Amino acid sequence: MDHKYGRWPEDVWSSHSAGWRQAGKITAGIDVGTTSTQAAVLCGGALYGYANLHTGADFGAAAGRALDLALGDSGMTRADLAAVCGTGFGKRNIACADSTMDEVHCHARGARFLFGAGVRTVADLGGQTVKAIRLYDWNRVRDFMINDKCATGEGRSLEVLCDLLHISITEIGPKSLEAERDPEPVSTTCWAYANAETLGLFGRPEFKAEPLTEAEIYASHLFAYAWRILGVIGRLSPLDAGEIQIDGGLAFTGGLAKNPGITRRIERELGVTALTSRWDPMLAGAIGAALLAAEQEAGE
Amino acid sequence: MNFRQMAADRHTYAADWKARTGGKVADYFEPYFPEEIAYAAGILPVRVLAEHEPDVISDKWIYGACFPARDMINQFLRGRMDYMDGLVNVEGCQWIFNAYEVITNNKPALFRHYLFLPDYTDSTTSKDVLRSELAVFRERLEAWTGRDITDEKLDHAIAVYNENRLLLRRICELRRADRPVLTGSEYMDMLLANQVMDKAEMNGLLEQFLRELEGRQPGRDTIRLMLIGSETWNSDLERLVESLGGNVVVDELDNGTSYFWNPVYPQKDRLMALALRYLGRPHNPVKDNNWRRRPEHIFELAEDYHVDGAIISKQIYCHLHGTDNYAVWRLLRERHIPFHYMERDMSVPEEETALRLEAFLNQVRAGATRLAGWHRKAVL
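Protein sequence lines, in the order shown, are assigned to chains A and B.
Using this note's numbering, the first residue of the first sequence is number 1, and each one after it goes up by one.
Using this note's numbering, the first residue of the second sequence is number 1, and each one after it goes up by one.
These aren't lab readings, by the way, just hints derived from the structure by calculation.
Because the structure is a prediction, the values reported are computed rather than measured.
Ideal Cβ positions, reconstructed from N, Cα and C, are used throughout, including at glycine.
Please note: incorrect hints may appear among the correct ones.
Cβ-Cβ distance ranges computed for the label pairs, FRET-style [said to hold, decoys possible]:
id, chain 1, residue 1, chain 2, residue 2, range
1, A, Ala196, B, Met1, 22 to 30 angstroms
2, A, Ala57, B, Gln208, 29 to 37 angstroms
3, A, Gln128, B, His319, 26 to 34 angstroms
4, B, Arg292, A, Pro238, 16 to 24 angstroms
5, A, Gly60, B, Ala177, 25 to 33 angstroms
6, B, Glu350, A, Ser237, 46 to 54 angstroms
7, A, Ser237, B, Asp16, 46 to 54 angstroms
8, B, Thr12, A, Ser237, 46 to 54 angstroms
9, A, Ser187, B, Glu351, 24 to 32 angstroms
10, A, Gly60, B, His52, 56 to 64 angstroms
11, A, Trp138, B, Met272, 50 to 58 angstroms
Between the sequences and the hints, there should be enough to build the whole structure, so can you do that?
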């Protein structure tokens, strides 16, 4: 199997500014997930640099590499960091972290940074888990849910499907939106069965009463993701009495947040438009960890 | 007192008990089993506890059932329960009933009895129905053992079991303290051991344990949690909670507090006294159909034991728990008791469960003070 289709592009960015020497406290957050690793460096509460890489087999090495890239090329070193906080599935393997924090709180804080103070509900669509988080108006988690069953709705399964179908992971979402209708979603419990079912939709169309177009097959698959994610969001505690289940403060984080074939369908079902950010939504965990590291350092 | 080991050694204990006393052993599944009647007939009632073991046996019998039901078949067919002379099932869970059928079909020589217990426990006829079922059960045990189950023997059994409930309750009450002297895992290990041992022997051990607890220093100051949901068969979840800075201080589990919460109130008609006790115990969802008393009972426990939050842990494929999730969730939310819902099987996958519990403990901590819950990185 050719793995190039499921590989999303890595990304590194730095402000390159030497002004960090005059900035306030510098902290970093590292989010080592099962499929991707992000590091974010904050100077005085502003984003200074980040790296978004594939994790690979070595959690510790991925964390170190991401942090070094996020430090940029303007002379900042690890010694300049006041605090480093680790999060994510591999957080216990981050040698350079001073502390760790759970992913739920990091994504919640990171989402408020990326999408603004209006965020009330965060859907973290990660490589292995889907987390739905509800926030109070202030920075406190009110409720959260994590998927129990396996992986339809998880990033890793989409990577595998793209490799199987030879379609780029960045293209499958937009292509699915070309479908004029959303067919019934494929299996929503097991990602292996869901992928097999999707492959089956391509095979032997002469046996189908109503063969699906390529776009409709993608739509059917991604609709299953959306359906599954909606199930997790739907279990969150309702907002205050009288409010609808989801108000305008919905933010998507994680890799699948960049797939409009999933996010648009969720928005459509909920009847809302999600918040947007100029930054990569995959950074939410790392940014949240860096913010919490700053708070911890300040003794807040 | 190593209760954990006692629960683990339950098969050896039961076989030794038989050799020592010459009595019969009757295993049972459901928490509604009227143990007093069996005990009065000189039988040792042993609760079947599920384990987590690779299983290639049970699938062909009840594929797709819950893990505890499958594991019970697995243990039986592997010969772990060869000491067992009889098996009793009380009307309740359908998966467990299937396990009962598979086991008794595989060993026809077993004494088998299916005891009906009304799902509508507080309807006008429930107590009379159950009393008549208990009378049939008594007659069958008498025929099987060749012993009369007299009122005097029932009185003795009721006294032993009531004493057992009282001791468990006294130990449970110690958990109300701000810094309880025993942990949730210790407590669950004790309860599991209690359900597989002769209650007269266990009562002696509980008295000894109580004295030991009274001499202990207060425990750590921790986040106080309540455990709700399907039965658990080990204390792994409680241990994980403790490793993350929490403590399960009370539960609402069928084999937890619900097992011993209410005593038998003696009356002249012993079987009616037993019927009222089992119909009046804190119910699991399948027996809580009329008035949905369970959510309120959960709330009372949460208040009495000053919990900061609750974990609702449901066995995957458990069809009982889940039927009243809507009522329990609604009540906890209305009364601002934070909770986290999760599904599990026999094992507790550590990383995945720790992720949930860390986040939940941090959520709860933030309610009391500022966001805290930092875990200093462990040295690897």
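Now for the hints, and whether the structure bears them out:
1. A:Ala196 x B:Met1: 22 to 30 angstroms: At roughly 53 angstroms between Cβ atoms, B:Met1 and A:Ala196 fall outside 22 to 30 angstroms, so the hint is violated.
2. A:Ala57 x B:Gln208: 29 to 37 angstroms: Violated - the Cβ-Cβ distance for A:Ala57 and B:Gln208, about 52 angstroms, lies outside 29 to 37 angstroms.
3. A:Gln128 x B:His319: 26 to 34 angstroms: Once the Cβ atoms are compared, 28 angstroms apart, the range 26 to 34 angstroms for B:His319 and A:Gln128 holds.
4. B:Arg292 x A:Pro238: 16 to 24 angstroms: Hint holds: Cβ distance 20 angstroms, inside 16 to 24 angstroms.
5. A:Gly60 x B:Ala177: 25 to 33 angstroms: violated, 42 angstroms
6. B:Glu350 x A:Ser237: 46 to 54 angstroms: violated, 27 angstroms
7. A:Ser237 x B:Asp16: 46 to 54 angstroms: holds, 51 angstroms
8. B:Thr12 x A:Ser237: 46 to 54 angstroms: Between B:Thr12 and A:Ser237, where Cβ atoms are some 47 angstroms apart, the hint holds.
9. A:Ser187 x B:Glu351: 24 to 32 angstroms: Check passed, 26 angstroms falls within 24 to 32 angstroms.
10. A:Gly60 x B:His52: 56 to 64 angstroms: violated, 30 angstroms
11. A:Trp138 x B:Met272: 50 to 58 angstroms: holds, 57 angstroms
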